[in-house]
Amino acid sequence: MAEGMSWSVTDGDKLTQAEIYGEVLSQLGDKYPDIVAITADLATSTKIGRFGKKYPERFINVGIAENSMFGLAAGLALAGLRPVVSTFAVFTALRSAEQVRTDICYQNLNVKIISTHAGISFGQAGSTHHCTEDLAVMRSFPNMTVIAPADGIETGNAVAAAMELPGPVYIRIGRGFEPPVYKDQNYGFAIGKAITMRDGKDITLIACGVGVLQAMRAAEVLDKQGLSVRVINMHTIKPIDRDIIVKAVQETRRIVTIEDHSIMGGLGTAVGEVIVESGKACGFKKLGVPDCFSIVGYPEDLYHHYKFDADGIVETVGELMRREIEEDEDWEDEA
Amino acid sequence: MPLSQEEIRGLERKAWDIRKSIIEITFTCGGSHLGGSLSQTDVLVALYYKYLNIDPAKPDWEDRDRFILSKGHGGVGWAAVLGDKGYFDKALLKNFNKTGSPFGMHLDSLKVKGCDASTGSLGHGLAIATGLAIGAKLQKKPFRTYCMMGDGELCEGSVWEAAILAGHHKLDNLTAFVDRNRLMIDGPTESITTLEPLADKFKAFGWETLTIDGHEYAAIGGAIEQAWSIKGKPTMIICNTVKGKCVELMENQPSWHYGGLNSDLRDQALACIDSHYKTILG
Numbered sequence: 001m002a003e004g005m006s007w008s009v010t011d012g013d014k015l016t017q018a019e020i021y022g023e024v025l026s027q028l029g030d031k032y033p034d035i036v037a038i039t040a041d042l043a044t045s046t047k048i049g050r051f052g053k054k055y056p057e058r059f060i061n062v063g064i065a066e067n068s069m070f071g072l073a074a075g076l077a078l079a080g081l082r083p084v085v086s087t088f089a090v091f092t093a094l095r096s097a098e099q100v101r102t103d104i105c106y107q108n109l110n111v112k113i114i115s116t117h118a119g120i121s122f123g124q125a126g127s128t129h130h131c132t133e134d135l136a137v138m139r140s141f142p143n144m145t146v147i148a149p150a151d152g153i154e155t156g157n158a159v160a161a162a163m164e165l166p167g168p169v170y171i172r173i174g175r176g177f178e179p180p181v182y183k184d185q186n187y188g189f190a191i192g193k194a195i196t197m198r199d200g201k202d203i204t205l206i207a208c209g210v211g212v213l214q215a216m217r218a219a220e221v222l223d224k225q226g227l228s229v230r231v232i233n234m235h236t237i238k239p240i241d242r243d244i245i246v247k248a249v250q251e252t253r254r255i256v257t258i259e260d261h262s263i264m265g266g267l268g269t270a271v272g273e274v275i276v277e278s279g280k281a282c283g284f285k286k287l288g289v290p291d292c293f294s295i296v297g298y299p300e301d302l303y304h305h306y307k308f309d310a311d312g313i314v315e316t317v318g319e320l321m322r323r324e325i326e327e328d329e330d331w332e333d334e335a
Numbered sequence: 001m002p003l004s005q006e007e008i009r010g011l012e013r014k015a016w017d018i019r020k021s022i023i024e025i026t027f028t029c030g031g032s033h034l035g036g037s038l039s040q041t042d043v044l045v046a047l048y049y050k051y052l053n054i055d056p057a058k059p060d061w062e063d064r065d066r067f068i069l070s071k072g073h074g075g076v077g078w079a080a081v082l083g084d085k086g087y088f089d090k091a092l093l094k095n096f097n098k099t100g101s102p103f104g105m106h107l108d109s110l111k112v113k114g115c116d117a118s119t120g121s122l123g124h125g126l127a128i129a130t131g132l133a134i135g136a137k138l139q140k141k142p143f144r145t146y147c148m149m150g151d152g153e154l155c156e157g158s159v160w161e162a163a164i165l166a167g168h169h170k171l172d173n174l175t176a177f178v179d180r181n182r183l184m185i186d187g188p189t190e191s192i193t194t195l196e197p198l199a200d201k202f203k204a205f206g207w208e209t210l211t212i213d214g215h216e217y218a219a220i221g222g223a224i225e226q227a228w229s230i231k232g233k234p235t236m237i238i239c240n241t242v243k244g245k246c247v248e249l250m251e252n253q254p255s256w257h258y259g260g261l262n263s264d265l266r267d268q269a270l271a272c273i274d275s276h277y278k279t280i281l282g
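Protein chains in written order, with my numbering: chain A, 1 to 335; chain B, 1 to 282.
These are computed hints drawn from the structure, not numbers from a lab. A quick note: this is a predicted structure, and the numbers were derived from the prediction, not measured. Be careful, since some hints might not be right.
Here are some, though not all, of the chain A residues that point toward chain B, as calculated from beta-carbon distances under 7 Å [stated by the list, open to error]: (1) A74; (2) G75; (3) D103; (4) Y187.
Footprint (simulated), chain A over chain B, 3 or more residues, beta carbon under 8 Å [as the list claims (entries may be wrong)]: (5) 30-43; (6) 113-120; (7) 130-140.
Glycine is no exception: its CB is placed at the ideal position from the N, C-alpha and C atoms.
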């Protein structure tokens, strides 16, 4: 992808992830005349409606009917079009999981799914509208690429990059009123290639989505405490960047993962699989939503409650640093 | 134009072959969805040997008509037709259901030429067909989309979501069929969950509805051609059929939704089919 060429936004730091998504998709409409945007009565909430305003003839609102929406998307892709589908993550990953799996992934169809209100970012709405399972579900589907962008800028990059990647892509974003992590889009985004946000040698924080902002904040605090903290933005959950994880294991020996998702099955699990398979000893802790239905509240309060905000990360890092990690005899083995 | 008597006899002859293939494949593969494959056969034969605008030599031709078998468990019957049409060497069907074979009981669009969509999970096909039909309109392409559903799958809510959508978009390039054999796995549709008045339901969702005998070629052909002429709405052709059609021991028997055949049963079934067609074709 020619970075900086495909899309641009002004005041990107004032826009939510979804607003940037809606804007970027609209800008891509001319480059990709085969895009058909689809939603299920969430044109406004997901911001896919911005595309619809610009290209009404290429916009379909199916009403509140997610299951047929994903089947419809499969049919449009079979007809040679490039459907882009948006609804809330909970409806994509849970209500319509089977259509996404069987109609879209099984046939390896060129459907791009951008789901909003993921994790517990729609905090006040409660568990009917939270989705702390989508990464676990989506990454288990063969052919599916799974991306959780850190902020609006990265969402723009992910959407543009997804258009150039044949096959199904799932991009999940939060409700997103947090400040952006990135100032501009030219930082080398590529699907499947994690970004080292800051280098460090004592411990590595691997985060996705809103977790990246929290990790960066925590790293600043920990830096003042004298710790050298590496922060990795693992925006692509699948295919996961194994090399950068194994390198972090070897070089920092302690890893904390941070995600707005259940600690079962998402980023933390994916990173843990790589660590275990590496055969290297590593102190490891997953932060995210524990095995429970979340309490209701403002997202920032919930992130604090479940200890995956900066405060919680600092606390967990402290605990992990106090733990003895036994060194492997073949520590210097190849990554 | 109505089918001529000669055309009808030709289609009947073809259905004879297809029904026998279904029996032979089932004998070889150990088990298949016999009942529904036999009930859908005449509509499939009418479509593939008369009405679909397709070219088996060019299975990916963009402007080909599309056929979605929403009742994907009819895959053995569909595969028999696709093989006979020359989408692949029909000798390969001896591998049906075998480990590593491209042919499982629900056809895979990435492995079976001529299979326009992978189906099998019920209630999915009409939405996919709706997407194809809208896709044709958006791209101003001339192809039509046909979708065959089982009656049992009409209990799925996603069918009715798609029916609303297709009606709303006035998809006159979409023709759907219900293989109304009145049986689900566990028994009669009407005793499990009532579907009637079925035509009224689709009519209320903005569809033209036609109800026919799904084993009568004159009626099948007439309905398909009538659907071509209907503007501003999709057409649902409710085909009254007999599950297990032409094999007396299977007809209207829920237990023959799925089954295997030993050589005695195979011979009995083939004799039944031969006898049926010898009677009507003389």
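Against the structure, the hints:
no.: 1; hint: A74; in the structure: holds (5 Å)
no.: 2; hint: G75; in the structure: holds (2 Å)
no.: 3; hint: D103; in the structure: holds (6 Å)
no.: 4; hint: Y187; in the structure: violated (36 Å)
no.: 5; hint: 30-43; in the structure: violated (count 0)
no.: 6; hint: 113-120; in the structure: holds (count 4)
no.: 7; hint: 130-140; in the structure: holds (count 9)
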